[in-house]
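**Q** For reference, the chains in residue letters:
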Amino acid sequence: MSASTFQAAGGMAETAPSPWHLRTLLRTGVLGGVVAIYLCLVGIVPVFADRPLIVGVVELGQAALLIAFGVVGYLAARDQVGVSRFRGVVASTVVGAITGAFLTGLVLVGSVVDLRAVFLNASPELYALLTNGQGTSWAWYPILVGAITGGLAGVVAGLPARLRSLLLISLGSLLFFGLFAGLLRTPMLVTPLAGIARFLLAPDGLFVPGAILVFFGTMAIVVIVRGVKPRQRVDALPRTQRRLVLGPAAILILVVILLFPLAMGSFFAQVIATVALFILLGLGLNITLGLAGLLDLGFVAFFAVGAYTVALLTGTGEFGLAHLTFWQAVPFAVIFAMGFAIVLGLPILRIRGDYLAIATLGFGEIIRILVGSDLLKGALGGPQGIQLIPKPIAVATTHWLAGPIQIYYLALAFAVVVAFVSWRLRGSRLGRSWMAIREDEDVAEGMGVNLVQTKLLAYMMGGAFAGLAGAISVALVGSVFPTSIQLQLSINVVAIVVVGGMGSIPGVVLGALVLIGLPELFREFSDYRLLFYGIALMGVMIYRPEGLLPSRIATRELHTADELVEMDDADLLAPDEIAERSAP
Amino acid sequence: MNVRRLDRLTDVAIDVFMFTFRAVIILVVVVGSALTLASGKYTAADWFQLAGKGITLGSIYAMIALGYTMVYGILRMINFAHGEIFMGGAFAGYFTAVALMQTGALTASVISGLISIAIMILVAMAVSIGLALAVERTAYRPLRNAPTLVPLISAIGASLFLQYSARGFFGSGLYGYPSIPFLNAPAPIPLLNMRWVDVLVVVASFCMMGGLYLFIMRSKVGTAIRAVSEDKGTAALMGIDANRAIVMTFVIGAALAGAAGVLWGLSYTQVAWFMGIVPGIKAFTAAVLGGIGNVLGAMLGGLFLGLIEVVGPNLFLSGFGVPSVTQLKDVVAFTMLVLVLVFRPSGILGERGARSRA
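Top line first, the protein sequences correspond to chains V and Z.
According to my numbering, the stretch in the first sequence is residues 3 to 586, in order.
According to my numbering, the stretch in the second sequence is residues 7 to 364, in order.
Just so you know, the hints here were simulated from the structure itself, not pulled from any lab data.
Be aware that a few hints might be false.
As the list claims (entries may be wrong) - EDC-like mimics (lysine to aspartate or glutamate), calculated; alpha carbons at most 20 Å apart, straight line: (1) K379(V) / E320(V); (2) K335(Z) / D376(V); (3) K379(V) / D336(Z); (4) K59(Z) / E236(Z).
I would like the entire structure built from these sequences, with the hints used as guidance.
**A** Encoded structure:
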């Protein structure tokens with residue numbers, strides 16, 4: 003919409019004075035105002051009001067509002083920049099001011115009516131933040147800030163593309179390091195770098211020198227990378243030499259990954275182990291949802307089966323049955339999860355599409371309630387769960403493999419193995435059958451794919467991966483409770499697969515890193531994690547249904563219109579180019 | 007050849023499995039009921055009391071189910087966020103109730119109390135309609151013609167967004183509806199042992215559902231909605247604004263869900279940010295049970311599900327000596343969900359609306 007308006011405006015500029023699109027401007031401003039008020043009342047602004055991003059300069063809560071102003075201004079300017087840059091700045095300033103005016107309105111209304119009776123976050127602290135601590139007489143303050151920030155965003159929008167992206171990347175990096183500075187600081191304090199860490203990084207956020215360093219450092223790196231163009235250079239190398247460059251790079255990355263927890267401490271190890279666990283789960287669901295197109299909202303059931311199997315078989319507490327080692331119990335966990343997938347799968351696999359999602363959701367909830375109920379309390383421990391589960395590798399507590407570091411390596415190793423398995427599965431006859439079913443069940447059946455068998459296999463494989471993840475998670479935590487098998491977990495996994503890109507293995511890894519890793523690192527944010535997932539699910543479905551790192555086939559499926567154009571292009575290609583394109 | 011034999015074998019295996027599945031369920035229901043009744047654990051009065059509770063719960067489910075069934079009928083999508091629309095209504099009703107409580111109107115007399123409740127319902131309806139319109143506009147409309155799973159996932163996203171927004175706005179605690187003395191008094195209805203509030207819930211929901219039924223069947227907008235459900239293209243050719251019909255469907259469904267939220271709050275007193283999800287799924291079950299797209303079916307399905315959920319655990323399970331059966335009421339309801347979806351996805355009264363799901 004905005005792109006076409008922009009082009010139309012640009013085209014007309016030479017002949018007639020182009021319109022200002024006042025309605026569009028007003029709408030952007032109102033939308034921005036609603037978003038800004040939402041950010042305030044949902045708690046993101048006030049809750050993070052005391053969390054510095056750059057110490058003494060800006061707090062995270064304010065930054066959220068500034069970003070809202072900036073985005074609104076940027077959007078407004080983008081519609082006008084085609085006419086003239088000056089116009090873009092004017093438009094973005096106005097829109098920023100409109101957005102700010104909504105906050106002014108919030109302050110004024112809040113000074114008359116006690117909004118706190120309804121919205122917990124409409125606190126005096128929020129009003130103080132919005133008025134710079136000066137009370138209602140400063141209610142105009144958000145308008146000023148909005149106009150300035152919006153205007154600056156308008157200036158940025160008018161910059162040449164390269165400079166603009168350079169600035170935006172540097173700002174993004176500033177935000178990133180501001181959020182995670184404390185995490186970097188802690189491990190650095192025990193090294194010789196402690197002095198530098200104390201100078202640049204605060205326990206929360208960056209100090210001013212650190213911020214300057216990060217901002218200009220990122221700029222420098224981007225400029226250098228752009229100048230060197232490593233990717234094009236490597237691509238341009240002949241095959242043998244490329245291997246010479248990429249081989250050592252791969253080994254270097256491997257070494258970094260292996261030494262990572264030793265250098266960064268066990269907190270990071272724990273986070274990455276969790277991420278690896280979700281990669282396992284994601285790869286499992288990637289088969290059922292991504293390849294075979296079966297939306298399973300009760301995925302957590304298989305996780306539970308794996309977890310409880312290992313807990314029962316290895317536990318040393320009152321519910322331990324066999325006192326096996328972890329390694330002896332894992333095959334059972336996987337097999338039981340697969341068996342469970344058959345039992346659950348057989349009745350429901352003839353249901354299709356959206357009904358299947360709800361049926362699996364029902365199954366997941368049934369399992370959760372049964373596990374925690376008095377009925378199975380004698381076997382599964384009821385709400386108290388099963389505790390005292392030994393670690394996979396028994397070592398003394400002083401050994402370097404003790405604690406989360408062990409699980410880090412374990413989960414990572416399993417994730418790599420499972421990624422390999424699912425990569426091979428995807429290219430196999432079975433994998434192609436799955437994708438055929440996803441595309442069109444009837445056609446697939448017509449081509450000789452046995453629907454029930456193939457779907458069941460997808461279900462079983464997904465279940466097996468989830469069972470494995472459950473087994474590892476029990477070893478990670480050392481206990482299992484009915485509360486650890488919530489619907490939330492299934493939703494998490496669905497979000498990973500959907501956001502990363504259905505059917506794409508790198509997508510799952512990226513999805514897990516972004517959706518699990520970042521929130522795990524940024525603990526204060528955990529209350530808003532699922533809020534963010536909700537927005538991510540809607541946004542991805544609307545703007546990029548193939549996900550962030552899509553597999554080729556999914557892109558083709560979801561963009562049939564673009565694909566038709568592309569196919570026309572393909573007709574014009576030389577035959578050898580076509581061969582090159584279709585090569586995997 | 008070998009492959010074909012394997013195929014046939016799996017087919018037979020599945021048939022056997024499905025037969026066993028069905029047999030086990032029937033056996034549990036029949037034997038369980040027989041054992042329970044034989045044990046004489048519950049008197050007839052107990053059963054009537056449970057039935058009364060079931061009808062109250064069921065009429066709320068029925069009201070929510072109408073929203074699911076109508077949206078599914080017209081758009082062929084599960085409006086996963088509908089439970090959160092219900093939650094929004096419950097919260098709106100709560101805050102209105104608190105305000106009315108401060109003025110004293112809620113408890114002053116029976117008449118002013120009833121008027122206050124009507125105001126609460128109207129406010130809740132307005133809020134729910136606003137929410138539903140926003141969700142429809144942002145999360146569903148851009149995806150009208152996308153493959154089935156795409157709008158469903160977007161709807162799940164919308165549901166999460168609304169849940170956690172409510173949590174951000176109102177905090178993670180439970181809110182208790184103000185207690186209204188005249189509603190908590192027992193109603194003079196023999197056997198069912200209902201409170202006045204339950205009577206109010208049942209009467210109000212039946213009135214609203216009856217009104218909705220007449221509206222759908224008689225009014226011009228209702229006719230338009232039915233026509234668009236039947237065939238969007240042809241309806242458009244007849245000069246019906248399909249978009250408007252779809253929006254009206256969301257409005258009507260949301261209004262009922264909002265009202266249901268207030269009734270839920272009055273009857274069960276507690277509202278919270280997560281309250282929408284489970285009643286939402288159950289109401290969807292009710293909608294499928296009655297035949298999706300079928301307005302009358304959703305009402306019957308809701309009542310039936312409410313009854314099963316309340317009576318079922320005691321009737322089917324306690325005979326086997328299962329401890330604390332009420333813990334398992336959701337298990338009974340969700341089993342019902344799976345059974346309906348597996349064995350009778352077209353529901354009791356049959357589906358209505360656009361081409362049967364092929």
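**Q** Broken hints, numbered, in rising order?
**A** Those not satisfied come down to hint 4.
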